[in-house]
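Based on these hints, arrange chains B and C on the given structure of chain A.
Residue numbers (the working numbering), protein chains in the order written: chain A, 1 to 286; chain B, 1001 to 1335; chain C, 2001 to 2084.
No lab work stands behind these hints: they were computed from the structure.
We put the CB at the ideal spot given by N, CA and C, even for glycine.
All clues given are correct.
Far from chain C, some chain B residues (derived; all Cβ distances over 10 Å):
hint	residue
1	A1063
2	D1172
3	R1252
Restraint-style ranges between C-beta atoms, simulated for each label pair:
hint	chain 1	residue 1	chain 2	residue 2	range
4	A	G40	B	R1303	27 to 37 Å
5	A	A285	B	G1138	44 to 54 Å
6	B	E1129	A	T225	50 to 60 Å
7	A	L173	C	V2013	38 to 48 Å
8	B	G1138	A	E224	39 to 49 Å
9	C	A2077	B	V1312	42 to 52 Å
10	A	Q239	C	S2034	20 to 30 Å
11	C	T2009	A	A73	36 to 46 Å
12	B	A1189	A	R56	53 to 63 Å
Some but not every residue of chain B turned toward chain C, in silico, with C-beta under 8 Å:
hint	residue
13	E1071
14	W1078
15	M1082
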Amino acid sequence: MRHRFDVRIGPVGFRIGSDWLGPITQLEELYRDYPEPRDGIPDFTVRLFAARPWRRFVRPAITIAGDYTIPDAAPLPLAQGLLAAEMGMNLQMALAQRRYLLLHASAVERDGRALLMTGESGSGKSTLAALLSARGWRLMGDEFALVDLDDGSVHAFPRLLSLKNEAISVVELTLPAARFGPRMEGTPKGAIRHLVPNAQAIEAMELPAAPALLLFPSFGFVAETRPVPPSEVFIRLTQASTNYVALGERGFDALIRIVAGVPAHAIDYPDTASAVTQVEALWDAL
Amino acid sequence: MGRAVSDGWLLARVLRDPAATAGFNADMWTTLIGIARAEQMIGTLGCRLDGLIVPETAARLFADARDAAEEGRRAALWEAEMARRALAGLDCPVLLLKGTAFVAAGMQAGVGRAIGDLDILVPRARIEEVEAALFEAGWEWVKEDAYDDAYYRRWMHELPPLIHRDRDRMIDVHHTILPLTARITPDAAALLADRTPLAEGGLHTLSRNDILVHAAAHLFADGDLAGGMRNLWDVHCLVEEFGIAGLAERARHHGLSREVARALRLAGCLYGSVAYGSDARHVGDALYLRRLTARDGWGRATRPFTRFAFYVRSHWLRMPPAMLARHLWIKWRKG
Amino acid sequence: MYRAAAPATLRIVPLDDLTAIYHRASGITHLVASPVPELLAALSEPLTLVRLAKRLGEEFYLSDGEALAARLDELVASGLAEQL
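One chain only, chain A, in its complex shape:
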């Protein structure tokens, strides 16, 4: 392909090919401190291409593909090329990652122990992870938490954090010195801006952490915390995992290990400041 960018994020290497230079330039800039794929061999390939030859130039639209794809995915405008690349990487992980149990969760670390936050889009897990990273927590990731199938530890996968709509200005104010990608309007999820993980997150990305607390945040409610019983945790985590079924018995064992060993709470919160307080209170009470 015309343009190419290779990068390693945590244990996973990617090769990204593009018909346009723009997205590659953005990726090179934002991921400039990240290492290369090990052995020079990426785990996965992402392709950003023009479905019809004229689509490179006329109302340019990026079709996302790679080693693994879903059919009928709608193309994105060239201005959202960075988003297309990130979605392409998500797709490879979701469809084909099987070395780790994948949980749709953000993860931050303190003292070698990991806090996981999982929930629907809009629950605030990315925003909370970003805010906690401003308070001394090490960011491990905001999209996928990688759970080791042998020992249950959480491996970091610190991609660019995806902040949406109101959360963008909240994080911009809290982290004025941070690096951000371009602000993109009119995406399928509204306005999006990516936050680059800080130096601490990048330097420590090969250090796993033992999961110590699992939270299910919900935004927009009166502040409340309640413990979640094991069977509910089990069900919610299977829903939050894209590769649980593909992993067979090892996936089952990994999930049982979490359910049996990691305390779980649901947090309802009216605003992010309140959420941060609740989260740290639960952590301190462990």
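Here is chains B and C on its own, set in the frame of chain A:
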């Protein structure tokens, strides 16, 4: 050695001789893996290279591919078992086809293979009962509109596709191995009569030679060669494991002599085997090979004109020209 | 006659009110409530509906043959049991 190969031939060369990877650099490994994944053969490759010393990242990816194939095998065998249970009361022969048959019978062709839907073959006379029994056990139609349904039932060699409501897996119920509108009509009764029982009672496969005939029929007369490298690897494995005694005669019986002969030649060209006998190429083989290996190191399908030519041809083989025109017209109108 | 999946194919982990079962033969995970684990245990050898009802007694409100047959149909559909 000349220009570096980076199309399907690279994959074929490595499958034929794993030691050919000895001098590979990172780019060649990346290219090989990209092509194998695009051809649905990463599990096959992973099994073929098992035990070879390769870069650590490649070793990891191949181990993952072997595990994925193993899980796929388990899921395929379970679908076959649930179909067996659903149809047990009918006292009707049920034959497994394609990938599920290979793994159920422990054949070489099943090692590392990606398996899609469950394909079974039953007598045409029993097809309504089979349909009813599957419905009873939780399968339902994948939603097709009325035109496709009428076309399917009248002309195709299988029921419209069914999917299981809980497990979300598809089953294709065939009553012969080529559409009824195809220019070639294999002997469905003979396929059933010569079936081979599987060890675990109840289910069957086609006879060894019929499996080869089906693989050739499926590749040339029924499809546009998409997935051809994988199908020819099946043929190669089957020939290596079972030989070709009686194959020519059986192919002639089904009217598929040309297709079987071509399948053997092309599998021999790609993957090589002493069992093939003469490997003289025929006119036209080069074009087939060009279509089969039309893949680049990024996993993209290449050679669009060759591919298109084969796509049109595959439909031409399935239907008489007037019907094809009507079919393509209606499909086009529907967008 | 009904029979449960072979014990070697079932990995059973009680959680709370619900029990998680990983069925190795199918790769399917089931989350079940009483009396399913007890039914599966009772059916480790083939039993008729009548014998099964007797075995479980009134303990699970299943002496009603219809309710028991309905539970068994669900188990058969899920693949955790087989009707012989």
